[in-house]
Structure formats: C-alpha cells, structure tokens
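S.K.: Residue numbers (the numbering used here), protein chains in the order written: chain A, 86 to 198; chain B, 530 to 640.
FYI, nobody ran anything at the bench for these hints, they're computed from the structure.
The structure presented is a predicted model; accordingly, all values stated were derived computationally and were not measured.
One should not assume that every hint holds.
As the list claims (entries may be wrong) - Just some of the chain B residues that point at chain A, by a computed CB distance under 7 angstroms:
| hint | residue |
| --- | --- |
| 1 | R567 |
| 2 | H571 |
| 3 | F630 |
| 4 | G633 |
Backbone N, C-alpha and C fix where the C-beta goes; we use that ideal spot for every residue, glycine too.
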Amino acid sequence: SQTIHQWPATLVQPVGSPLSLECTVEGTSNPNLYWYRQAAGRGLQLLFYSVGIGQISSEVPQNLSASRPQDRQFILSSKKLLLSDSGFYLCAWSIRGTGNTIYFGEGSWLTVV
Amino acid sequence: GQQVMQIPQYQHVQEGEDFTTYCNSSTTLSNIQWYKQRPGGHPVFLIQLVKSGEVKKQKRLTFQFGEAKKNSSLHITATQTTDVGTYFCATTRGSQGNLIFGKGTKLSVKP
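Turn these sequences into a full structure, and let the hints steer you where they fit.
M.R.: Quick look at the structure:
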C-alpha cells in the first residue's frame, strides 16, 4: 500500500530563518506531488505541484520554493521566513493523470515568530 | 480561474440534527470530490462524483452532484460527535488537472 511521510510535524522558526520541509511517498511510482498551505481556520491553498523529477510548477508568487530531487521526494524551502508564512503545510500525492484522488500527509505546523 | 464557493463557512448543530454543506460554481465542473478534515488532522478523501445528477451514499452521508454539474451537496443525517470537522469540496482545474478546494464548512456538534 502507498504511504506518505512528512516531517517535521511541528516547528517554530524566527523571522528571517530558513525552512525545509520534507515529504516522501512510498509504494507508488511517478506520482504527482503537491504542497498545500492551510492558514489558521481557512481553506487549502495549492502552492506547488510536480509531475516529475525536477519539474515544479508554482501556483502563487511567494518566498517559498519547492524541489523534487527524486521521484518520490518533495521538499518545500524558504531562505528567509516571514511572519505570514505561518500555517499548516500539507504534502500530498496522486497517481499520474487528472482528477485523481489526492492523499495528504499528516502535515507540518509552522509558526514563525 | 475556476473556483468553488462553499457555504456555510460554519455550522453548529445539536447531536442528532441533520447537516448540509453546499458547493457552488459559476462554470460546469468535470467532477467534485469531498474531503473531511478532523480537528488537528489532515484532509481525507470521502468520495468523487462525476455524472450529472449523481447521488452517492456512505452510511449517514449523502452526496449529490447537480444536474447542471455546477453544484454539489453533502448531507449528514442525524449527526454524531464523530462527524465534527471541516468538510471540503474540490474540483479539477486546468490542463494539469490539479484539485482546487473550497474554503470548507466547519461542523461542530453539541452532544
């Protein structure tokens, strides 16, 4: 069966510090990978998606970036965090193609102070 | 771009009462998916609807896709405290087929 792992689960970072969230998927090949952000009490905003190694598409301009160094590894980064970057970050995957079910990781709670 | 509007934003019910959340779009949707997010958890897929007028049931949950494929609803009969959480609808957008989500309806159930 397929599993998705995301870490760290929680972190508190000062403004201006770097960020790295990592996500790996097991049990499937060539998945679509996604990073979503959920601000407190709000909906899910798609930040990045990837259809293959090294292929990253950004949905919204921001000071975050994403990378996919391996087929089942997806990394969310920032060089300098802003207060507004606080939120719940969710990695997700789906099988290749359109309109497929998305499976979310457990999420990472980021608080920028 | 294609968006889905979800109402209400919040719903407080007494245990045993029914609950309905609605998802609306100004454009025809290719599909609708529903997800549930428990407090402190991550969204979990519930169901997908693709056909005009489609109705699907999962125990006390009834999902409908409108005839014009511009709206959908999720109805819970006789809510229980285990139904607490935020319910999201989502639809496919663009050539990549990424899912875009509504803002969700947060359900609280008073025992």
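S.K.: Output the numbers, in ascending order, of every earlier hint that fails for this structure.
M.R.: 1
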